[in-house]
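Undergrad: These are the residues of each chain, in order.
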Amino acid sequence: MRRSYWIAYNGFNLGRRSRRFVVEAGDRRREIASLTAYLLVLDGCRRISTSALSLASEDNVTIALVFKDRIAWFTGMLQRKHVELILTQYSTSRAEEIASCIREAFNHNLCAFFSRLNLPFRAEGELEEVRVNALKLLSRYLGVKLSLIESVIQYLSYFIEAECLDAVVRAGLTPHIGFVNRRSLTRDFLLVFEPSTVWRCLVEVGSDILSSIDLGSYEGRRLLLKYLRNIVERNVEDTDGRRMPLFKHIKAAAKGLASYLMNPAGGFIPFKEAVY
Amino acid sequence: MKIIVVFDIPVGYDRLRDRLRNKLKDYGGVFREYSVYEVELDEKNAERMIKDIRRIVAEGAGRVDIIFPCRRCYENIIIIDTIEF
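Protein sequence lines correspond, in order, to chains A and B.
Residues 1018 to 1293 (my numbering) make up the first sequence, in order.
Residues 21 to 105 (my numbering) make up the second sequence, in order.
Heads up, a few of these hints could be off.
Said to hold, decoys possible - No more than 25 Å apart at the CA atoms, straight line, and that leaves these computed lysine to any residue pairs for SDA-like:
| id | chain 1 | residue 1 | chain 2 | residue 2 |
| --- | --- | --- | --- | --- |
| 1 | A | K1265 | A | S1276 |
| 2 | B | K45 | A | K1153 |
| 3 | B | K45 | A | R1064 |
| 4 | B | K45 | A | R1045 |
| 5 | B | K64 | A | S1071 |
| 6 | B | K45 | A | G1093 |
| 7 | B | K45 | A | S1224 |
| 8 | B | K64 | A | M1094 |
| 9 | A | K1243 | B | E60 |
| 10 | B | K71 | A | E1048 |
| 11 | A | K1268 | A | R1046 |
| 12 | B | K64 | A | P1262 |
| 13 | B | K71 | A | R1034 |
| 14 | A | K1153 | A | R1139 |
| 15 | B | K45 | A | M1018 |
| 16 | B | K45 | A | S1021 |
| 17 | B | K45 | A | R1046 |
| 18 | B | K45 | A | D1044 |
| 19 | B | K43 | A | N1030 |
| 20 | B | K64 | A | R1046 |
| 21 | A | K1265 | B | A66 |
| 22 | B | K43 | A | S1068 |
| 23 | B | K22 | A | I1049 |
| 24 | B | K43 | A | S1276 |
| 25 | B | K43 | A | R1019 |
| 26 | B | K45 | A | K1085 |
| 27 | A | K1085 | A | S1224 |
| 28 | B | K22 | A | S1071 |
| 29 | B | K64 | A | D1044 |
| 30 | B | K45 | A | S1276 |
| 31 | B | K22 | A | R1246 |
Just so you know, these hints were derived from the structure itself, not from any lab.
Excised from the complex, chain B in its bound form (with noise of 0.2 Å):
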């Protein structure tokens, strides 16, 4: 399943703010935009991520989101993007 997750860390935090980039980079997350990143999990690995990132956000401070859209949901995102890297 597909599952977006959005966190915001604030400053004085950046140490946790990379620990929660790359532990979801481990799960096989994929950049979006700063502090949103995509996940394609099965469900028992999605779990293990929650975990990890309740731990991870435990030690400081900050906010994490995490959304599954439903696969009607989340084909009907409209991205519009204009910028070229």
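So here's chain A without its partners, still in its complex pose (with noise of 0.2 Å):
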């Protein structure tokens, strides 16, 4: 089966050997078969190999590369699919009802994670004010600055991104055209599935740990990944009963606006967690 691999590493070289990826970063080296992924997030790389680059286009893996402010990303998949889809995500006369299913997702699953922690929330307001009064709800509640919370979110945002990004191109759909975010689908998918996991991660993580992490050091990033890693690959029911593992919702997500856009009368519905 294939996996993500999420790479982050100081100044770190990716090549390649036959059919494997080459990591290596000094004296150390680890080697990833290419049929064993479909996706390899990277965060400090200083060099990739164009016969990398020629591995990652023939078996279809997918790779970001993070950076400061954003990501970028290569894939080899977008000119594989037919362009009808793109052009109904283009056009599509329900291009208002899709951005309301995904606001009211990203409103569902804040509820659900609030109500797990026990803390009394209402989403109510645009979706910048709900984002907002959500962050400092969850920061008063962990007892850590405002500020530190947001930057651990927007780093972490990047993975779960490119697992969005992969997902809505393996989908057929174009990553460029989105619905709430005009410009970025992979923004909408992370909205949705946001609360869910990196805002989890800050829970789990615990405010001892948090306030005393460094984000600058890559010890504290590998650190932050480990335990978000863990809750992507657990398993987590939505309101249809389906239960499986995060990374496969946000597949089935952008499967599902796929067939969508394709035959509406299917009815779109994003992921929403189960509250018990």
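Could you fit the two chains together into a complex? Lean on the hints.
TA: Following this line, the structure appears as structure tokens:
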């Protein structure tokens, strides 16, 4: 079964040997068979060889590079799907309907997140206002500065965004046309999954580790990523009763949107976490 | 599915052994013991891997055992490891 690999290490190189990616940093070396990977998220990568890019293209592996304020990505899959789906994504008359579904899912997942913490929260107002209020509440709950929480969320979001990006591209959609964020479909998906992944990660990490963590060091980043990885691989149930790991929910949501665009009779229900 | 590949390539066919090892690594094979690799593949890729192994071994001499343990058997494997690397 294919999986994604998140690599955070200072100044490593990505190369190729036979049909494997080779990750090298100083005297440390690790090989990843391209058949076992669908996504490589690289933080701290210094150099990627053209042969590694060629292997990624041959075996449909998406490569996402994490920078300070954005991610850049490489995929060889866009041109392989039919264009009809992308045209529908561009010109759909149901854009507003899809956007409201995404907003509703975000509010639902946010409420589900806070209800697990036994914190009363009502998602009222505009999307950004709801998000800021929720962040303030989380900051008070954890007893950690809001600015620190925001920077940790931003860093961890890149990895979930990369997972969303891969799911979107694999479903045959283009990541450049969004519904809530007009220019990015991956940001739309990130919105839906953020409370269940990144926000939950902050709670599991806990205020003690959070206040002492150094985001500038790769050790600190790797520690956060370990927690996030654990959450993404954990089985979660949605309101439809489907129980599977979160990264599979991300893929299912992208496929769901693609099939809704081609056949609107089915309806589009983005991921909504079950509340107990 | 999990697949365990055990091979014995005689002395004199060292390059063949290296090629076999490389091929197993290309399929995501994890080194377990000398001449024992564990691979996790879907059915389609497992068939491809078996074909490739046949092709490599046919060029020289050797024996390769490809074992498909069921999930229950796999979970019941007892590992006793006292070696520290």
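Undergrad: Would you pick out the hints that fail for this structure and give their numbers low to high?
TA: 2, 7, 11, 20, 24, 26, 28, 29 and 30
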